[in-house]
Every structure is written in structure tokens, then in C-alpha cells.
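2 protein chains.
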Amino acid sequence: MTTFNTPDQTEAAFYAAFEATDLARMLAVWGTGGDVVCIHPGGDLLQGLEPVAESWRAIFAGARPPAIEHRSIRQTAAGDLAIHLVEERIGPRGAGAPTNRILATNVYRRGTDGWRLVLHHASLPLVAGHAVAEAAPERVH
Amino acid sequence: MTTFNTPDQTEAAFYAAFEATDLARMLAVWGTGGDVVCIHPGGDLLQGLEPVAESWRAIFAGARPPAIEHRSIRQTAAGDLAIHLVEERIGPRGAGAPTNRILATNVYRRGTDGWRLVLHHASLPLVAGHAVAEAAPERVH
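Quick mapping for you: the protein sequence lines, in order, are chains W and F.
Position 55 of the first sequence, counted from 1, bears residue number 171 in my numbering, the numbering being contiguous throughout.
Position 127 of the second sequence, counted from 1, bears residue number 243 in my numbering, the numbering being contiguous throughout.
Since the hints were made in silico from the structure, they are not lab data.
If a hint is listed, it holds; no wrong ones were tucked in.
Ranges between beta-carbon positions, derived for each pair: (1) F/G150 <-> W/R173: 35 to 43 Å; (2) W/G149 <-> F/T122: 19 to 27 Å; (3) F/D151 <-> W/G227: 23 to 31 Å; (4) F/G164 <-> W/L242: 19 to 27 Å; (5) W/I189 <-> F/E203: 21 to 29 Å.
Note that the Cβ used here is the ideal one computed from N, Cα and C, for glycine as well.
Using the sequences provided together with the hints, build the complete structure.
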């Protein structure tokens, strides 16, 4: 089993597995407990490794390996927890700079087998500036 | 200045301020550093207290105070960091159970003035099950 010695190593492995659409490498990145959590852009909550694995299996099935750039915007760490806010850019390979921009909060936890991904919460910014969907005044009225 | 002694207290104050559309109480919940981060559902990245404050000002402006229920699905903590995955339900008051369901990752950090919110990443599940927007095979092809 691969051991990642820093959250950055785990993060690099996550995006490398994603870019390769390699399910085994993707699963090696995640924590093994039932408390892993994944929210894909526009997706619902997935809890536990099996639903998370199934989601990546479905995403990778039939997809050509994409080009992915990732940039860590902000990192916070304490003890065995690290939180990275990441800007992802995803698109077809060989088509210039990827243009699908996604924001992800990635949480890594250190265990006896090194740093593992335990939470991935990704979203697609739909509007410029700030959205008001959370308060949804239009819907509240 | 209000001091929150636990992340749960901060979280309760966040949703109470949101429900009251009370900007001063909302801002009292957040960390004061330039490294606070907020992503509203469908929204872009807001970094620093001033843009975050402006977003809440805009959300609260003209909105009738909504009804909000929040449920902590998963909590992880280490040292001065706590991560809560929360299910929010937001809707108009007096209309029965709120039906807008939002998933939020909230990160709290303990400083000399107690626990403060430093990251709020919220998203609206658009599809049942898992979304494949992140890999976006349709767009990749």
C-alpha cells in the first residue's frame, strides 16, 4: 500500500489518479474508514468508501482521461488534519488550457498509513461574484 | 465580542444569524483574518472577511428571514481545527419543513477569541446519486 508522507503528496496522487482515470490508484488515496465523504459538483453526499468508489468507477467508465490542473489556494493544518482549498481546471486533453473550473475543499487525515483523503467537497461556480442561492430570497418569498 | 467555546456553539450562532438575517451577528461568527473563505451554492470563491461580509449583506438585503434547519452529519477535529459536514434545509418561514437542501463543509479554528468560522463551502445537490460533472466526460469528449 502506498504511503503518503504529506497532504501534498496525497493531493498530487489524487489528481494524478483522476487524470489517469485509474480507479485503483484513486482508491489508494482515500481513507479506508466508513467516514470518508465525497460530494462531486452538483452531486449528493456520498458516505463511506464503497459509494465513493462506485462514483469514481462511474465517472471513469467511458471517459477519456482528461487534462487536469490543480492549484492549492489555501492550506490549513493542525495535528493530524490538513484542509486544502483547491482550484481545479478540467478539460479534454490536447485542447489547450482546461476551462471547466471547479472549487474543491479537500481534507486529509494522518493515520498509521500516512496521509489519506477523507473529505472531497467540489462545486462548480455557476455565477460570477457571489450567488444568493443559499438564502434564495426569490424562493423564500 | 462574543466568545464561542466550542465549534458547535459557533455553528449554532452561524445558523441563528443566518435565520435572523442579522449581519452583525453573522460577522461575529467569522474569523477576522484575511484567510477566511466562503463559497455559496453555485458561487465563486470569496476570500477575506470584506468580500465575505459583502456577500452576506447582499444575501440578507431584501430577504425575508428564512427558516433554516441544520444537521451535523460528520465532525472531525484535531487540535485547534474542527470540520463539520452539515446538511442545511432552507425555506420560507411558516411554510412547513424547508425543502431547499444544501450541503456545507464548515471549518472552525480556535484562536485567542474562541472558535471562529474560517471556511464555509456550500453546494446544492442538483442530481440524485452522484454527479459526473467533475470528470464531465460529455464535455471531455
